[in-house]
Amino acid sequence: MEYVVFYATDPTTAARIPEIYPRHREYLDAFAAEGGLLGIGPFDDPASNGSMAVFSSRERAEQFIARDPFVLEGIAHPSDIREWDALNYR
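Count the sequence shown with full-length UniProt numbering and you get residues 1 to 90, in order.
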């Protein structure tokens, strides 16, 4: 089982993305190196369509959200963590 989080971008804080992105990316890379992050990224128009992340466990999703600079700075607002029964063909 995998766990998915959808994020909405707050239009009132989106202008701060370039300022916060370096901290977000540093956190993202360090978290991914620890394991449990399977994929993350924006949709075609992140300002309107947001982004999503896939985790190996609910616990790792909760841990990621709790310390993500984009979330802490109010740029991204996570949805509920949803269990996902994916069929993987890799």
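Do not take every clue at face value.
As the list claims (entries may be wrong) - Label pairs and their computed distance ranges (CB to CB):
id, residue 1, residue 2, range
1, G74, F43, 36 to 42 Å
2, A15, S57, 30 to 36 Å
3, G36, L72, 26 to 32 Å
4, Y89, R67, 28 to 34 Å
5, L87, D10, 29 to 35 Å
6, I17, E83, 15 to 21 Å
7, A14, E34, 26 to 32 Å
In short, the hints are calculated from the structure, not lab data.
Each residue gets a CB set at the ideal place from its N, CA and C atoms; glycine is no exception.
Comparing the hints with the structure gives:
1. Judged by the Cβ atoms, the range 36 to 42 Å given for G74 and F43 is violated: they are separated by roughly 19 Å.
2. Evaluation of the 30 to 36 Å hint for A15 and S57 yields a pass: the beta carbon distance comes to about 34 Å.
3. The beta-carbon spacing between G36 and L72, approximately 19 Å, falls outside the hinted interval of 26 to 32 Å.
4. Checked against the hint of 28 to 34 Å, the pair Y89 and R67 passes, with Cβ atoms roughly 32 Å apart.
5. A C-beta distance of roughly 33 Å is found between L87 and D10, which places it inside the suggested range of 29 to 35 Å.
6. For I17 and E83, the hinted distance range of 15 to 21 Å is not satisfied, since their beta carbons lie about 29 Å from each other.
7. Separation of A14 from E34 is about 28 Å and conforms to the stated range, judged on CB atoms against 26 to 32 Å.
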